[in-house]
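Using the sequences and the accompanying hints, generate a full structural model.
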Amino acid sequence: MALSTASNFAKPDDAFRAIVEAHRGLSDEQSADLDAALVLVLANHIGDIAVLHEAIALAKRRMLDASQQQQQQQQ
Amino acid sequence: MALTNTQFGYRRHPDQDRADANVAEHAIVVVGAGPVGLSLAIDLAQRGQSVVLLDDADRIGEGSRAICFSKRALEFWDRLGVGQRMVDKGVVWSVGKIFHGEQQLYQFNLLPEQGHKRPAFINLQQFYAEAYLVDRVEELSAIDLRWRNKVTGLEPRNDHVALTIQTPDGPYRVNAQYVIACDGARSSLRQMVGAEFAGQVFEDQFLIADVRMTAAFPTERWFWFDPPFHAGRSALLHKQPDDIWRIDLQLNRFADPAVEKLPENVRPRIARMLGHDKFDFEWISLYKFQCRRMNKFIHGRVIFAGDAAHQVSPFGARGANSGLEDAENLAWKLDRVLRGTSPETLLESYHTERSAAADENIRESTRSTDFMAPNSHQEARLRKAVLSLAKETEFGKRMVNAGRLSTPSTYETPLSTADRDAWRGGPRPGASMADAPVAGPGGESTFLTDAFISAGTRFTLLEFSNGAMPERPEGLGAIRIGGKDGLADSAGLAAARYDAEPGTAYLLRPDGYVAARFRHPTREGLDAALARAAGHN
Numbered sequence: 005m006a007l008s009t010a011s012n013f014a015k016p017d018d019a020f021r022a023i024v025e026a027h028r029g030l031s032d033e034q035s036a037d038l039d040a041a042l043v044l045v046l047a048n049h050i051g052d053i054a055v056l057h058e059a060i061a062l063a064k065r066r067m068l069d070a071s072q073q074q075q076q077q078q079q
Numbered sequence: 005m006a007l008t009n010t011q012f013g014y015r016r017h018p019d020q021d022r023a024d025a026n027v028a029e030h031a032i033v034v035v036g037a038g039p040v041g042l043s044l045a046i047d048l049a050q051r052g053q054s055v056v057l058l059d060d061a062d063r064i065g066e067g068s069r070a071i072c073f074s075k076r077a078l079e080f081w082d083r084l085g086v087g088q089r090m091v092d093k094g095v096v097w098s099v100g101k102i103f104h105g106e107q108q109l110y111q112f113n114l115l116p117e118q119g120h121k122r123p124a125f126i127n128l129q130q131f132y133a134e135a136y137l138v139d140r141v142e143e144l145s146a147i148d149l150r151w152r153n154k155v156t157g158l159e160p161r162n163d164h165v166a167l168t169i170q171t172p173d174g175p176y177r178v179n180a181q182y183v184i185a186c187d188g189a190r191s192s193l194r195q196m197v198g199a200e201f202a203g204q205v206f207e208d209q210f211l212i213a214d215v216r217m218t219a220a221f222p223t224e225r226w227f228w229f230d231p232p233f234h235a236g237r238s239a240l241l242h243k244q245p246d247d248i249w250r251i252d253l254q255l256n257r258f259a260d261p262a263v264e265k266l267p268e269n270v271r272p273r274i275a276r277m278l279g280h281d282k283f284d285f286e287w288i289s290l291y292k293f294q295c296r297r298m299n300k301f302i303h304g305r306v307i308f309a310g311d312a313a314h315q316v317s318p319f320g321a322r323g324a325n326s327g328l329e330d331a332e333n334l335a336w337k338l339d340r341v342l343r344g345t346s347p348e349t350l351l352e353s354y355h356t357e358r359s360a361a362a363d364e365n366i367r368e369s370t371r372s373t374d375f376m377a378p379n380s381h382q383e384a385r386l387r388k389a390v391l392s393l394a395k396e397t398e399f400g401k402r403m404v405n406a407g408r409l410s411t412p413s414t415y416e417t418p419l420s421t422a423d424r425d426a427w428r429g430g431p432r433p434g435a436s437m438a439d440a441p442v443a444g445p446g447g448e449s450t451f452l453t454d455a456f457i458s459a460g461t462r463f464t465l466l467e468f469s470n471g472a473m474p475e476r477p478e479g480l481g482a483i484r485i486g487g488k489d490g491l492a493d494s495a496g497l498a499a500a501r502y503d504a505e506p507g508t509a510y511l512l513r514p515d516g517y518v519a520a521r522f523r524h525p526t527r528e529g530l531d532a533a534l535a536r537a538a539g540h541n
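These protein sequences, in sequence, are chains A and B.
The first sequence begins at 5 in our numbering and counts up one residue at a time.
The second sequence begins at 5 in our numbering and counts up one residue at a time.
A couple of the hints might just be wrong.
[Said to hold, decoys possible] Some residues of chain B that are not near chain A, with every Cβ distance over 12 Å (derived): (1) Glu106; (2) Arg273; (3) Thr397.
[Said to hold, decoys possible] Where chain A lies over chain B, by a calculated footprint (3+ residues, C-beta under 8 Å): (4) 86-96; (5) 382-388.
[What the hints assert, rightly or not] Covered by chain B, per the in silico footprint, the following chain A stretches (three or more residues, Cβ under 8 Å): (6) 5-19; (7) 44-55.
None of these hints come from the bench; they were simulated from the model.
Fair warning: this is a prediction, and the values are worked out from it, not measured in the lab.
Where is the CB? At the ideal position from N, CA and C, for every residue including glycine.
This is how it looks when you write it as structure tokens:
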């Protein structure tokens with residue numbers, strides 16, 4: 005199975021909102037703890053190492069893009 | 005120490021009186037009489053080879069060092085005639101418990117099923133294992149064990165290796181067709197061939213103490229993350245014979261080894277762990293780990309095995325056990341090459357198979373060490389998440405890594421013949437044979453691993469009878485299950501563990517690994533698989 009990047013939620017705003025609200029009132033440290041646990045729970049639910057690798061690659065690519073943009077802005 | 009035989013005398017050998025122009029020629033010189041070198045020498049001798057075994061010391065090493073010996077190692081030692089003695093002395097265990105703080109997170113059983121001759125593990129001090137192996141060596145006239153013989157020079161030649169050996173009487177020289185370096189993590193032979201030994205160094209320090217006490221703790225492996233007696237770090241408690249307990253304590257990266265090692269500093273820490281201070285120290289050692297291996301285990305006619313070739317962290321019992329797997333892998337190949345029944349290229353499969361096993365062991369033990377000693381804040385955070393999830397989820401428990409204990413590798417190897425038939429289970433080609441209880445013709449209980457020894461510890465066909473097996477190729481051992489004169493599989497465990505139907509046959513290598521398997525073997529198929537497994541292709 006390949007990583008699905010189609011929109012899978014009927015109401016994507018609800019999903020985004022649920023994650024945002026989970027972090028409300030947390031310090032950065034607590035938020036990072038929450039994210040760590042959440043990533044592990046969701047990774048296990050996916051249960052497919054190839055999909056997990058794809059997801060990690062996609063997320064990392066985003067970071068790379070962001071840092072390149074930042075560099076271009078600085079130039 | 006309840007041992008009689010730990011000190012051995014240097015004896016002058018006639019090789020030392022030979023002129024330089026007329027040095028002794030030997031087929032095999034094994035360097036290093038630790039568990040790996042001793043076991044290798046015994047296996048080779050039992051296969052009919054003469055072996056010179058050199059060691060630079062004259063006594064068995066102190067301290068318990070390796071303590072956990074795996075089922076696979078015990079099955080190998082059974083073939084060498086020393087398995088029962090190891091098990092009789094050792095502490096048998098299969099259950100481990102993991103604690104976080106004061107709470108038990110979970111427990112695991114490494115051998116939850118019955119019907120195996122050997123347990124998942126025994127704990128036994130390495131010096132006992134070495135002493136029993138030396139006793140066995142002394143029964144075998146084909147092994148010439150020379151203490152206080154230190155190799156100081158090594159010159160590769162076309163068809164042999166010229167060795168210079170230092171002794172209390174001065175140096176002498178011998179020539180060897182093959183030199184097997186089992187001389188440990190600080191291998192001097194590795195330096196002599198100029199091989200690199202690069203890898204990952206771990207900064208965390210661990211204190212290992214063996215203490216003597218009588219205690220009511222069960223014979224289980226107990227591991228703590230962040231225990232109340234050692235806040236923020238990890239600890240391990242494990243029982244050995246003679247009321248000796250192994251304790252591992254993780255220290256911080258900046259701890260001063262000289263200070264930490266002092267008994268007056270170690271004692272209060274362990275007293276807090278045990279809840280009393282009625283114990284004596286047998287051995288204290290402080291160390292850091294490296295995970296690394298040689299790029300090539302074979303350098304011309306010098307072949308490396310055990311810690312000389314690869315090093316891992318101790319979490320997972322993968323050091324000595326993988327070295328013993330090296331020995332069982334190499335012995336039959338070297339024997340065949342020296343007899344001329346296999347081409348020299350068969351030895352390359354030793355590197356192929358065992359370097360992949362070393363990579364697996366390094367990967368597993370690196371992961372365990374990283375879990376115990378996270379490298380960054382984020383790694384620590386992820387570990388914290390796993391430990392907290394483990395309290396209420398099954399997947400969290402399975403992610404907690406307090407050491408993944410040694411199991412034999414499955415080889416991806418040119419010696420295997422790929423499956424052509426359909427299989428739902430059973431050991432695939434490249435995997436080690438599964439054990440199962442069976443009964444002999446007189447109804448006597450035995451095991452498949454014993455039957456493999458009785459069949460000659462050679463290429464062997466394990467047949468599940470249907471009365472119509474093809475004629476066996478010459479020189480092939482046989483284990484027959486069922487039928488008129490076969491072993492009885494009354495519990496059906498042999499058939500179940502090999503996914504067997506009437507007519508099923510497994511071709512086993514001389515080290516007990518599966519080379520090929522067939523639903524209905526043909527003579528042509530067997531001949532081809534046998535030729536492939538013997539390196540003729």
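*Can you list which hints this structure breaks, lowest number first?*
Checked against the structure, the hints that fail are numbers 3, 4, 6, while the rest are satisfied.
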